[in-house]
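Chains A and B, in that order, give the protein sequences. 76 is the number that the working numbering gives to position 76 of the first sequence; each next residue is one higher, with no gaps. 207 is the number that the working numbering gives to position 207 of the second sequence; each next residue is one higher, with no gaps.
Everything labelled a hint here was simulated from the structure, so no lab data went into it. Mixed in with the good hints, there may be bad ones.
Think about it this way: if two alpha-carbon atoms lie no more than 27 Å apart in a straight line, the pair counts; the simulated DSSO-like pairs of lysine-lysine are [unchecked claim]:
hint: 1; chain 1: A; residue 1: Lys326; chain 2: B; residue 2: Lys115
hint: 2; chain 1: B; residue 1: Lys305; chain 2: B; residue 2: Lys112
hint: 3; chain 1: B; residue 1: Lys328; chain 2: A; residue 2: Lys225
hint: 4; chain 1: B; residue 1: Lys94; chain 2: A; residue 2: Lys228
hint: 5; chain 1: A; residue 1: Lys112; chain 2: A; residue 2: Lys271
hint: 6; chain 1: B; residue 1: Lys175; chain 2: A; residue 2: Lys3
hint: 7; chain 1: B; residue 1: Lys94; chain 2: A; residue 2: Lys326
hint: 8; chain 1: B; residue 1: Lys175; chain 2: A; residue 2: Lys252
hint: 9; chain 1: B; residue 1: Lys228; chain 2: A; residue 2: Lys308
hint: 10; chain 1: B; residue 1: Lys228; chain 2: A; residue 2: Lys305
hint: 11; chain 1: B; residue 1: Lys175; chain 2: B; residue 2: Lys112
hint: 12; chain 1: B; residue 1: Lys52; chain 2: B; residue 2: Lys308
hint: 13; chain 1: B; residue 1: Lys94; chain 2: A; residue 2: Lys225
hint: 14; chain 1: B; residue 1: Lys326; chain 2: A; residue 2: Lys227
hint: 15; chain 1: B; residue 1: Lys271; chain 2: B; residue 2: Lys206
hint: 16; chain 1: B; residue 1: Lys225; chain 2: A; residue 2: Lys328
hint: 17; chain 1: B; residue 1: Lys278; chain 2: A; residue 2: Lys39
hint: 18; chain 1: B; residue 1: Lys180; chain 2: B; residue 2: Lys267
hint: 19; chain 1: A; residue 1: Lys313; chain 2: B; residue 2: Lys39
hint: 20; chain 1: B; residue 1: Lys102; chain 2: B; residue 2: Lys121
hint: 21; chain 1: B; residue 1: Lys252; chain 2: A; residue 2: Lys3
hint: 22; chain 1: A; residue 1: Lys376; chain 2: A; residue 2: Lys255
hint: 23; chain 1: A; residue 1: Lys94; chain 2: A; residue 2: Lys180
hint: 24; chain 1: A; residue 1: Lys112; chain 2: A; residue 2: Lys148
hint: 25; chain 1: B; residue 1: Lys313; chain 2: A; residue 2: Lys227
hint: 26; chain 1: B; residue 1: Lys227; chain 2: A; residue 2: Lys308
hint: 27; chain 1: A; residue 1: Lys308; chain 2: B; residue 2: Lys225
hint: 28; chain 1: B; residue 1: Lys225; chain 2: A; residue 2: Lys102
hint: 29; chain 1: B; residue 1: Lys228; chain 2: A; residue 2: Lys326
hint: 30; chain 1: B; residue 1: Lys180; chain 2: B; residue 2: Lys112
hint: 31; chain 1: B; residue 1: Lys308; chain 2: A; residue 2: Lys225
hint: 32; chain 1: A; residue 1: Lys94; chain 2: B; residue 2: Lys228
hint: 33; chain 1: B; residue 1: Lys52; chain 2: B; residue 2: Lys121
hint: 34; chain 1: A; residue 1: Lys228; chain 2: B; residue 2: Lys326
hint: 35; chain 1: B; residue 1: Lys326; chain 2: A; residue 2: Lys225
hint: 36; chain 1: B; residue 1: Lys255; chain 2: B; residue 2: Lys278
hint: 37; chain 1: A; residue 1: Lys376; chain 2: A; residue 2: Lys365
hint: 38; chain 1: A; residue 1: Lys94; chain 2: B; residue 2: Lys209
hint: 39; chain 1: A; residue 1: Lys255; chain 2: A; residue 2: Lys326
hint: 40; chain 1: A; residue 1: Lys94; chain 2: B; residue 2: Lys225
Number of protein chains: 2
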Amino acid sequence: MIKHYLLTPGPTPIPPEVALKEALPILHHRTSEFASVYKDVAEGLRCVFQTKNEVYMLAASGTGAMEMAVVSLLSPGDEIVVASCGNFGDRWAKIAEGYGIKVISASVEWGKVVKPLEIEKALRANPNVKAVYTTFTETSTGVANDIKTIGEIVAKTNAVLIVDAISGLVGQEFKTDEWKVDVVVSGSQKGFMLAPGLAFITLSDKAWKLTESSRLPKFYFDIRKYKKSYATNETPFTPPVTLIVALQESLKLIKERGLENMWNDNKLLAKAARSGIKALGLELFGEAPCEVVTSASVPVEIGGKIVKILREKYGVSIAGGQGDLKGKIIRFAHMGYIGKADLLVGLACLEMVLSELGVKIEKGKAVAAAEEELLKA
Amino acid sequence: MIKHYLLTPGPTPIPPEVALKEALPILHHRTSEFASVYKDVAEGLRCVFQTKNEVYMLAASGTGAMEMAVVSLLSPGDEIVVASCGNFGDRWAKIAEGYGIKVISASVEWGKVVKPLEIEKALRANPNVKAVYTTFTETSTGVANDIKTIGEIVAKTNAVLIVDAISGLVGQEFKTDEWKVDVVVSGSQKGFMLAPGLAFITLSDKAWKLTESSRLPKFYFDIRKYKKSYATNETPFTPPVTLIVALQESLKLIKERGLENMWNDNKLLAKAARSGIKALGLELFGEAPCEVVTSASVPVEIGGKIVKILREKYGVSIAGGQGDLKGKIIRFAHMGYIGKADLLVGLACLEMVLSELGVKIEKGKAVAAAEEELLKA
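Looking at chain A on its own, in the form it has when it is part of the complex (with noise of 0.2 Å):
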């Protein structure tokens, strides 16, 4: 009967009108009624990809649609450049390193930001680099990634850029084709606010180019059977048909409320939760923190304890660290169907834990300081 607050980047809220979609009498993905959804979402995600291409949908965590924006596009000992900041920007470097590709690296120390002159440099030393890996919103630490600067610097070259926007699209203000960036990939369950199990992907022409030479192996990631099947409303492969549904309404929400307002909440909830952390004297994580996750620091010795503590006895999750981070970082998402109050609820709890744990702080800081911030807007 423990009633549930879910803060955590992925996985998030579903709204009720969106998860009962998900529950309707199934349709049969080969019939018009069907068609006629997926023509509704195609036409929705190009909007939220802020893309005049067609953005693809395929039954796989977002891991899958990574995957499929390395086989799709290379060949066996391609070069590559991998800009990583944290787990999921390592990621890129792990899976195309297994299928034979040479990875550059312009990489950072996790929390900090990935920097676009290293990129340039790394392109200029490596004149046949094919393709740039890289991530907008990097979940593991918090941070986001300057993509529109890297996007100008990458479109000088014959690369093509590749961007894991599956925690930050929706939730941060995001421009595929004016940032310049070939490929976006994504996932449902961040701020889509659908269940985990939908990934998408789209392509620019330049990336297009790249999939009629790719050589690696490849048949349930390779993108040109769904581009085919794009052209009549299907997928190659039983499309997760409840999750495309629900993914119908999900897009009426975000198209009702405006793709920017939505970035605008997120920023403001961002705001509350880094004033929410400081007044409670703990340190913001991370370089440049993105709009829809906030990391801070917290004392090694209770970091496991205070995410443990806030689920069993407030119901409140919220991630920790991962990696060599773990231990060392709470984190608080905040996107898609997570509100102000939600956010409050999480400072609070925390504000209990913490003096549970012996952490001297002052009872209702964190909440004053985020319902401040929030009261300005």
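Mind docking chain B on chain A? Use the hints.
Same frame as chain A, now just chain B:
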């Protein structure tokens, strides 16, 4: 406002108590609550697969699990035998060839069943063969292969046996361990009575040995990652949480009804479907009809029309033929949450559509013949 009756071989109808689980507030996948669901589901899957081995789950359509069964076991240049009798069997060869695997065919014409003796011959002639890939119930034609006999043959060799049981599991008697099947793949949207988007795979010890030497490139479909996470009731990548929560409910329903009763229910429906089809003067298609879908040959000039009119005028969804069988056959599914009354609806509406298309039939005869079979039980 058209009322739908889904008699397609995937997606199949979802029981409302299962569907509603998909609409519950989402759980985070790294929590004790989810771990407890995962554990329960993992046990239930073992029972359905009739295996003592672990069964893994991944976010993908069934084809994703098929690719996993190729890339996790093989190395470039390996030889395999593919014994196909239809569209889905052929997919094994397509996946493997894309990865540079040498495919030795023991396939038969679509509509026939795989010949165990041909597999035996192929294995004898090619002693280096690492694996035999085949299909349990070939949904595209409606036949079932004799996996038990094939299992006996392959078990005597160094090769492993991999079976696509995507449409057959739960629906028709299948015994992984007893039949000496090394790898079984399946999917959520058939006998499991769930929405599509969740795939399953299980491996024998003999198959695990192969994974150790496998050198095909892989990341998302690397089964070793899934095995590792299984130990802590997790998945390596964000799982389709709502589908797994719903699966817990559908496995409960399967347990309540009893797996053997589920098999027998479909056996009866299959008999009734065949009687109904024959009573209309149509010919059954396929050498050894399976118990989850019934195929009938239809005059090619009306094949497509039957499916279209059934759906658009009466809300009854059945499937037509695929590939070379397009327009030549119709396929009625009877598995999972498809009941006796649903089948009668399908046959009755088929009578009306055939009449409308000028086929000389006696109205009510298919329904009567099916009723007779159903009453015998």
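With the threshold set at 27 Å, check whether the alpha-carbon distance from Lys227 of chain B to Lys308 of chain A stays at or below it.
25 Å, holds
Regarding the pair Lys252 of chain B and Lys3 of chain A, is the alpha-carbon distance no greater than 27 Å?
25 Å, holds
Check the hint pairing Lys228 of chain A with Lys326 of chain B against an upper bound of 27 Å on the C-alpha distance.
19 Å, holds
Starting from Lys376 of chain A, check that the Cα of Lys255 of chain A is at most 27 Å away, please.
25 Å, holds
Lys94 of chain A and Lys225 of chain B were given as a pair; does the straight-line alpha-carbon distance stay at or below 27 Å?
13 Å, holds
Just to be careful, I want the Cα atoms of Lys308 of chain B and Lys225 of chain A compared with a cutoff of 27 Å; is the pair within it?
This hinted pair holds, its Cα atoms lying about 25 Å apart.
Given the proposed pairing of Lys328 of chain B with Lys225 of chain A, does the C-alpha separation stay at or below 27 Å?
This hinted pair holds, its Cα atoms lying about 25 Å apart.
Pair hint Lys112 of chain A and Lys148 of chain A, alpha-carbon separation not exceeding 27 Å:
Answer holds: Lys112 of chain A to Lys148 of chain A is near 17 Å, not above 27 Å.
Hint check: Lys175 of chain B vs Lys3 of chain A, CA-CA at most 27 Å. Holds or violated?
Status violated; Cα separation ~42 Å.
Holds or violated: are the alpha carbons of Lys225 of chain B and Lys328 of chain A at most 27 Å from each other?
25 Å, holds
For the pair supplied as a hint, Lys326 of chain A and Lys115 of chain B, confirm whether the alpha-carbon distance does not exceed 27 Å.
55 Å, violated
Pairwise hint evaluation, Lys209 of chain B against Lys94 of chain A, where the allowed Cα distance is 27 Å at most:
24 Å, holds
Taken one by one, the earlier hints fail for this structure at numbers 1, 6, 7, 8, 12, 15, 17, 25, 33, 36 and 39, listed in ascending order.
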